[in-house]
Amino acid sequence: MTCPPPAFEAKITAPADLADRIARLARPLVFTNGCFDILHRGHVTYLAQARAMGAALIVAANSDASVKRLGKGEERPVNPLADRMALLAALECVSLVTWFDEDTPLARIFDCRPDVLVKGGDWPLEKIVGFREVTAWGGSVRSIPFVHERSTTALMEKIRRL
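Residue numbers (the numbering used here): -11 to 150.
Hint data in this document are derived by calculation from the structure and do not stem from the laboratory.
Don't take each hint at face value.
Said to hold, decoys possible - 27 Å max Cα-Cα, derived DSS-like pairs, lysine-lysine:
{"hint": "1", "residue 1": "K56", "residue 2": "K115"}
{"hint": "2", "residue 1": "K146", "residue 2": "K60"}
{"hint": "3", "residue 1": "K146", "residue 2": "K56"}
Stated by the list, open to error - Pair ranges (Cβ atoms, derived):
{"hint": "4", "residue 1": "E(-3)", "residue 2": "A43", "range": "15 to 23 Å"}
{"hint": "5", "residue 1": "R12", "residue 2": "C(-9)", "range": "23 to 31 Å"}
{"hint": "6", "residue 1": "A(-5)", "residue 2": "H28", "range": "18 to 26 Å"}
{"hint": "7", "residue 1": "A14", "residue 2": "F98", "range": "32 to 40 Å"}
{"hint": "8", "residue 1": "G61", "residue 2": "L13", "range": "19 to 27 Å"}
{"hint": "9", "residue 1": "L58", "residue 2": "A4", "range": "19 to 27 Å"}
{"hint": "10", "residue 1": "A43", "residue 2": "T123", "range": "19 to 27 Å"}
{"hint": "11", "residue 1": "M(-11)", "residue 2": "E145", "range": "39 to 47 Å"}
{"hint": "12", "residue 1": "D89", "residue 2": "D110", "range": "20 to 28 Å"}
Ideal Cβ placement from N, Cα and C applies to all residues, glycine included.
Use the sequences and the hints to build the structure in full.
Listed below in structure tokens is the structure:
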């Protein structure tokens, strides 16, 4: 007997289906993106803060190939895209999860047309991909300061030392 997929996995949507799924979400719509390779406290705090900026939060995860092109290390991503998206979808603060294979999430930003575009505190506003586009259509762009100094790269280094 096989079990059906958990209900939260219904929050995962292909880029081609985004417009249809977004039409059912409340506004303002918040968008963020990232690798989210090994989910940690910094990630979940950041995502909860991002969601608090609107009525719905869309997270676009880098595809495995996109993560590799970022040069984060040969062993990255540790977790494959399907697993990373399932973990993100399981978070209450996340409304939808999708992915992008390009080097930047600009195509997903255009697909979503968010009211608020958010990245972590290590990103100056002007350097956030989509800054010009989102502000041009009247949206806002925010950089959320880190509350917990955590990173997947630091976590990986710690594991290697054990």
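Hint by hint, here is what the structure shows:
{"no.": "1", "hint": "K56 - K115", "in the structure": "21 Å, holds"}
{"no.": "2", "hint": "K146 - K60", "in the structure": "15 Å, holds"}
{"no.": "3", "hint": "K146 - K56", "in the structure": "20 Å, holds"}
{"no.": "4", "hint": "E(-3) - A43: 15 to 23 Å", "in the structure": "22 Å, holds"}
{"no.": "5", "hint": "R12 - C(-9): 23 to 31 Å", "in the structure": "26 Å, holds"}
{"no.": "6", "hint": "A(-5) - H28: 18 to 26 Å", "in the structure": "24 Å, holds"}
{"no.": "7", "hint": "A14 - F98: 32 to 40 Å", "in the structure": "20 Å, violated"}
{"no.": "8", "hint": "G61 - L13: 19 to 27 Å", "in the structure": "35 Å, violated"}
{"no.": "9", "hint": "L58 - A4: 19 to 27 Å", "in the structure": "24 Å, holds"}
{"no.": "10", "hint": "A43 - T123: 19 to 27 Å", "in the structure": "20 Å, holds"}
{"no.": "11", "hint": "M(-11) - E145: 39 to 47 Å", "in the structure": "42 Å, holds"}
{"no.": "12", "hint": "D89 - D110: 20 to 28 Å", "in the structure": "23 Å, holds"}
Consistency with the previously given hints fails for numbers 7, 8, ordered from lowest to highest.
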